[in-house]
Amino acid sequence: MVQNIIDVKNLSKSFDISSKEPGLKGTIKHFFRRQTKSLKVIKNISFEIKKGEIVGFLGANGAGKTTILKMLCGLIYPSEGSILVSGHLPFRRKENFLKNITLIMGQKQQLIWDLPPIESFYLNASIYDLDKFEAKKRIQKLSEMLEIDEELFIPVRKLSLGQRMKSELLAALIHEPNILFLDEPTLGLDINAQRKLRKFLQKYNRETNATICLTSHYMKDITSLCKRVICVHEGAISYDGKLDLLLKKLSPVKEILIVCRSEDDATKLENYGFTVKNKIKNEITIKIENNSITSSLKTILNNFDIEDLFINEPPIDEVIGKVLIKKDYDI
Amino acid sequence: MLEYRVEIALWAISGIIPFFMLNIWTNNNLNESINISDVMLSRYFLCAFFVRQFSVVWVVFSFEEDSLMGKVSPYLIQPLNPFFRYFAQHLAEQITRFPFALIIAFFFFIFNPESIWIPNLGILLLAIVSTFLSFLIQFLIQSIVACLCFWTEKASSIERLLFIPTLFLSGLLAPVVSFPEYVKSWLYLTPFPYLIDFPANLLSGNETNISGGLSMQILWIFLLFPLFKKIWSEGTKKYTAMGS
Numbered sequence: 402m403v404q405n406i407i408d409v410k411n412l413s414k415s416f417d418i419s420s421k422e423p424g425l426k427g428t429i430k431h432f433f434r435r436q437t438k439s440l441k442v443i444k445n446i447s448f449e450i451k452k453g454e455i456v457g458f459l460g461a462n463g464a465g466k467t468t469i470l471k472m473l474c475g476l477i478y479p480s481e482g483s484i485l486v487s488g489h490l491p492f493r494r495k496e497n498f499l500k501n502i503t504l505i506m507g508q509k510q511q512l513i514w515d516l517p518p519i520e521s522f523y524l525n526a527s528i529y530d531l532d533k534f535e536a537k538k539r540i541q542k543l544s545e546m547l548e549i550d551e552e553l554f555i556p557v558r559k560l561s562l563g564q565r566m567k568s569e570l571l572a573a574l575i576h577e578p579n580i581l582f583l584d585e586p587t588l589g590l591d592i593n594a595q596r597k598l599r600k601f602l603q604k605y606n607r608e609t610n611a612t613i614c615l616t617s618h619y620m621k622d623i624t625s626l627c628k629r630v631i632c633v634h635e636g637a638i639s640y641d642g643k644l645d646l647l648l649k650k651l652s653p654v655k656e657i658l659i660v661c662r663s664e665d666d667a668t669k670l671e672n673y674g675f676t677v678k679n680k681i682k683n684e685i686t687i688k689i690e691n692n693s694i695t696s697s698l699k700t701i702l703n704n705f706d707i708e709d710l711f712i713n714e715p716p717i718d719e720v721i722g723k724v725l726i727k728k729d730y731d732i
Numbered sequence: 002m003l004e005y006r007v008e009i010a011l012w013a014i015s016g017i018i019p020f021f022m023l024n025i026w027t028n029n030n031l032n033e034s035i036n037i038s039d040v041m042l043s044r045y046f047l048c049a050f051f052v053r054q055f056s057v058v059w060v061v062f063s064f065e066e067d068s069l070m071g072k073v074s075p076y077l078i079q080p081l082n083p084f085f086r087y088f089a090q091h092l093a094e095q096i097t098r099f100p101f102a103l104i105i106a107f108f109f110f111i112f113n114p115e116s117i118w119i120p121n122l123g124i125l126l127l128a129i130v131s132t133f134l135s136f137l138i139q140f141l142i143q144s145i146v147a148c149l150c151f152w153t154e155k156a157s158s159i160e161r162l163l164f165i166p167t168l169f170l171s172g173l174l175a176p177v178v179s180f181p182e183y184v185k186s187w188l189y190l191t192p193f194p195y196l197i198d199f200p201a202n203l204l205s206g207n208e209t210n211i212s213g214g215l216s217m218q219i220l221w222i223f224l225l226f227p228l229f230k231k232i233w234s235e236g237t238k239k240y241t242a243m244g245s
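Here the protein sequences line up with chains X and D, keeping their order.
402 is the number of the first residue of the first sequence in this note's numbering; add one for each residue after it.
2 is the number of the first residue of the second sequence in this note's numbering; add one for each residue after it.
Hints listed in this document are in silico derivations from the structure and should not be mistaken for laboratory results.
These figures come from a predicted structure and were not determined experimentally.
Ideal Cβ placement from N, Cα and C applies to all residues, glycine included.
Hints should not be assumed to be uniformly reliable.
What the hints assert, rightly or not - Derived, one-sided and incomplete: chain D residues facing chain X with beta-carbon distance under 10 Å: (1) Tyr76; (2) Gln79; (3) Arg98; (4) Lys238; (5) Tyr240.
Okay, chain X solo, but in the shape it has when bound:
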């Protein structure tokens, strides 16, 4: 049985927020009688993550995904509840714990701006007590995996966003962490750079059995990396389970575009009893429930003269979008 590497129980986090009315009057009032209120951004959540799992955290802006990641890596202190990551209380930031984790936040960089990335890599290697020989070996291995070479010797400020992001990843992984917290790692990258980064993360997970917790607004990141997702809605977990189960639940019906040989066939099909979305001449679009796709298609192919047929999956963004605005999904 695979052990849990992350164990979260009844976790909550509140922030004190002060609000200010506009204008000079508001500023003066804010200066002398500041009004603050406690805002509970994470509400009593519990979940477990097993070693080697890649879990995607989904949620609208401000839902609390990043706050959860920040608490998991020990960056911020929880208000209530307990977190155990790799047997450690993260907020204590013990050396053994910190040497096992990494956090990458899209566009927030730890590389030294005016120096080539290689300098930051060796600096990080020293921070993590790696000797120069081991550091060189790891830099070589990771730079091959990330397909960066000459960029290592060019000042960071002169690198493109994609090159910088790869260098950030290398800097964050030089100590070979077991747990990766990735907060929108593909933010701002072009399609090819995103694809390469995803490929790299898959390979890293496969080769090191590292656990990856990921937030992203790019659904492709989630669908290609995560088998399991945790959906966060207004600080609470609205769904925790397999991604494909969620997708099936949210889109129980598929649309099938059927091109008939004649318009007559299309008319007959229209009246056969299927739910018809639309019909244009000899082309008809019908909706069929996922669990009766095979039998329905058999019926259509046996009874009608069909020229062509297309099964349309609903766009994943649209499906996931439904999760982001709903409080609870009981699968």
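Based on the hints, put chain D in the right spot on chain X.
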């Protein structure tokens, strides 16, 4: 790279306030009132310039900016206190300042040839130690103020409050010996005279209590370090990782 060289030179030149003060003192014969010769006063302000060059601290501004921009977050999850980074940055900059400070000293001696002197090796070493201790005190004071970022977001405003007494009481504008007796009696209990006045007097060969000065510097470091650790530990619990 030219921009960086110019920037470093400007840093060094920006610390020439002791030379302006020297000018004010000598033109008004103010040194006569405290029984210091022109030559010794020139040496004092040159040494004050050197001590300032190698003890100036700006960690509060760097930390505040990094904290507000969310850059502190990646540092916080590394097994090294982020202040070590700032400490290393300061040391690196001190090394780069050294040649420029020497050039300025060279020109100072051209215009004041009577001030040329060579301190003996023992005094020079003690002055280097004392300047480093002065740097440590200032670094710890500013780091404590920087940690207030966890509560106030604008800790540099508090640093401004400290800047005024530092400027007037450290010996940068006037040797502490020129202050009235009752001011001196309590001033020597604060860390301020040990930031510039003590190391500058030591290096320039003015009469000073070497063991007493060094002891006070060490004492202040022992007092400030645990305070910094406590504020750091409490502050990180308040950290909200804003900007990231």
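Going through the hints against the structure:
1. Tyr76: For tyrosine 76 of chain D, the interface hint holds, since the closest Cβ of chain X sits about 7 Å away, which is under 10 Å.
2. Gln79: Since the shortest Cβ distance to chain X is 5 Å, the answer is holds.
3. Arg98: For arginine 98 of chain D, the interface hint is violated, since the closest Cβ of chain X sits about 17 Å away, which is over 10 Å.
4. Lys238: Holds - the Cβ of lysine 238 of chain D comes within 10 Å of chain X, reaching about 5 Å at its closest.
5. Tyr240: holds, 6 Å
Consistency with the previously given hints fails for number 3 only.
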